Amino acid sequence: MTLKRRRILISLGLCLLLAACGDGINWQTKGIAGLMPPLRFALTEDSGNPVQAKDFRGHITLMYFGYTHCPDICPTTLAKLKAAINRLPESAAQNVRVLFVTVDPKRDGLERLRAYTAAFGPQFVGLRGGDAELTQLTKRYRITYGYGKPDANGDYEVSHSSAVFVFDRSGKARLMVRDSDGVDALAADLEHLESTA
Amino acid sequence: MLSTLQFLQPWEPSLAIQLLCTLAVGLYITGLVEGYRSGHREGFWKPFAFLLGVALMYFVTQTQYDYLSQYMFFIHRIQHLVLHHMGPFLIALSAPAAVLGRGVPDSMRRHAGFLRPLLLPVRIAYRILQQPVIATVLFVGLIFFWLTPSIHFDAMLSAQRYALMNWSMAVDGLLFWWLILNRAPDGLTPQLSYGRRILILAVIMPPQSILGAYIALSRQDLFDVYAVCGRAWPVSPIVDQQIGGLVTWIPASMMSVVAAVILLSFMFREHRSRRSTPMPACSPSNPISSTTPV
Numbered sequence: 001m002t003l004k005r006r007r008i009l010i011s012l013g014l015c016l017l018l019a020a021c022g023d024g025i026n027w028q029t030k031g032i033a034g035l036m037p038p039l040r041f042a043l044t045e046d047s048g049n050p051v052q053a054k055d056f057r058g059h060i061t062l063m064y065f066g067y068t069h070c071p072d073i074c075p076t077t078l079a080k081l082k083a084a085i086n087r088l089p090e091s092a093a094q095n096v097r098v099l100f101v102t103v104d105p106k107r108d109g110l111e112r113l114r115a116y117t118a119a120f121g122p123q124f125v126g127l128r129g130g131d132a133e134l135t136q137l138t139k140r141y142r143i144t145y146g147y148g149k150p151d152a153n154g155d156y157e158v159s160h161s162s163a164v165f166v167f168d169r170s171g172k173a174r175l176m177v178r179d180s181d182g183v184d185a186l187a188a189d190l191e192h193l194e195s196t197a
Numbered sequence: 001m002l003s004t005l006q007f008l009q010p011w012e013p014s015l016a017i018q019l020l021c022t023l024a025v026g027l028y029i030t031g032l033v034e035g036y037r038s039g040h041r042e043g044f045w046k047p048f049a050f051l052l053g054v055a056l057m058y059f060v061t062q063t064q065y066d067y068l069s070q071y072m073f074f075i076h077r078i079q080h081l082v083l084h085h086m087g088p089f090l091i092a093l094s095a096p097a098a099v100l101g102r103g104v105p106d107s108m109r110r111h112a113g114f115l116r117p118l119l120l121p122v123r124i125a126y127r128i129l130q131q132p133v134i135a136t137v138l139f140v141g142l143i144f145f146w147l148t149p150s151i152h153f154d155a156m157l158s159a160q161r162y163a164l165m166n167w168s169m170a171v172d173g174l175l176f177w178w179l180i181l182n183r184a185p186d187g188l189t190p191q192l193s194y195g196r197r198i199l200i201l202a203v204i205m206p207p208q209s210i211l212g213a214y215i216a217l218s219r220q221d222l223f224d225v226y227a228v229c230g231r232a233w234p235v236s237p238i239v240d241q242q243i244g245g246l247v248t249w250i251p252a253s254m255m256s257v258v259a260a261v262i263l264l265s266f267m268f269r270e271h272r273s274r275r276s277t278p279m280p281a282c283s284p285s286n287p288i289s290s291t292t293p294v
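Note that the protein sequences, when read in sequence, are chains A and B.
Under full-length UniProt numbering, the residue at position 133 of the first sequence is numbered 133, and the numbers go up by one with no gaps.
Under full-length UniProt numbering, the residue at position 186 of the second sequence is numbered 186, and the numbers go up by one with no gaps.
Chain A extracted, bound-state conformation (with noise of 0.2 angstroms):
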């Protein structure tokens, strides 16, 4: 009895220290320490370069998956974004980058990606990269994305993640903003990583 009593103890320990592994920090967005990888990727960037994770260590950096056709979220998330990272002070703000992956590499030229991401900020940064790189970075990530039917005009949805990446300045991962996670969260946990990383 007492064996049973100590085996149900130490399951509900280890449920426990299950929950518990993080960061420590009381983050108002959603912390992800310990649950997802480093950053790292091989992409191509709007201006037409190679690029790579390391390229962005000394950077607190944003990652996000969309795609420039969509009607509603990739637009109003990185909306989002740009108002978070305009409360920091000037410094902090300049430092920031957010990588705006497209999942739509077909109809997402360079061309189009650069003019759609420079209409945010100079800190908005749009990569593009063949199936194999996006089906590498998706998976590293857990996330997926998906294609409609076309309609007549040759238009499809993309389903995709609504979720933005933050990592660390050094690539770390620390943050995950959900659509529910207002300015006022992001702006405070971007400060305050800001602040301590």
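To be clear, the hints were calculated from the coordinates, so they are not data collected in a lab.
Owing to the predicted nature of the structure, the values given are computational and were not obtained by experimental measurement.
All C-beta atoms in this analysis are idealised placements derived from N, C-alpha and C, irrespective of residue type, glycine included.
Careful, some of the hints might be misleading.
[Unchecked claim] Here are the computed distance ranges between Cβ atoms for each label pair:
1) A/Arg140 with B/Ser218: 29 to 35 angstroms
2) B/Ser218 with A/Ser47: 43 to 49 angstroms
3) B/Glu12 with A/His192: 29 to 35 angstroms
4) A/Asp23 with B/Arg196: 45 to 51 angstroms
With the hints as your guide, set chain B onto chain A.
Structure of chain B alone, referenced to chain A:
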């Protein structure tokens, strides 16, 4: 579109699952062949149930099906239905212990004595996990645990937790159905009366139905991780959740009914065979068995 061959490639290859399934099928088939040689014929249905159970569990974890279950809630629910209910149910129903044992090569069996002391903690843990109350609580508790929205969220984000979730469901499913469908008269598994087994099956039904109905009828998106990570194809979150809830609700609790019917058939069969075969001592048609010591 993916071709069938591409679809059968693992999305996230797991050496442990592949080895385990290969070992199970290898041992079982060797055991079947050995059995045919020594006159222990298994018929068609038992091997069919065993191999189908293993194949189903392999299919939902080591093909592109696993990709779909990571990015669509209702497909994830079907994955768990297979891992926790159907696969283990079929495997336990086939009562494969004797065949698997026959499949172990003699050379290995001779060395098995060394393992005995090492296996003691496993035997103790097994006995504890197979206590009826613990087994019942664990069976239902794991479903609720992994479907707690915050825990589900993290499990879908972290590759390690996702693997832990699926392993725990598969192992618990095997333990539970083994306990329920066990027919070996001796062995480690507790011998529960058929009445108690049916009681357990009845007890696990309402919580699963309530949880499934709650998910299916909820008007808010309880598992937003699928929106966060993107769905495998464009579908409304609520529709996805409704189907997922129905899968948790109906087929999962139906398994209890199917298992109860099977237990009843076991019971009748045993009853009948007990009545139709009189004790050897008073059997005039079989005098040898009463005189020859075996």
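Practice item. Starting from the range 45 to 51 angstroms, see whether the pair A/Asp23 and B/Arg196 falls in it by beta-carbon distance. Key: Given about 47 angstroms between the Cβ atoms, the range holds.
Point to revise | A/Arg140 versus B/Ser218 beta-carbon gap, inside 29 to 35 angstroms or not | key: 31 angstroms Cβ-Cβ, so the 29 to 35 angstroms window holds.
Review point. At the C-beta level, are B/Ser218 and A/Ser47 separated by a distance inside 43 to 49 angstroms?
Key: holds, 46 angstroms
Practice item. Mind checking the hinted window 29 to 35 angstroms against the Cβ distance between B/Glu12 and A/His192? Key: holds, 33 angstroms
In this structure, none of the earlier numbered hints is contradicted; all agree with it.
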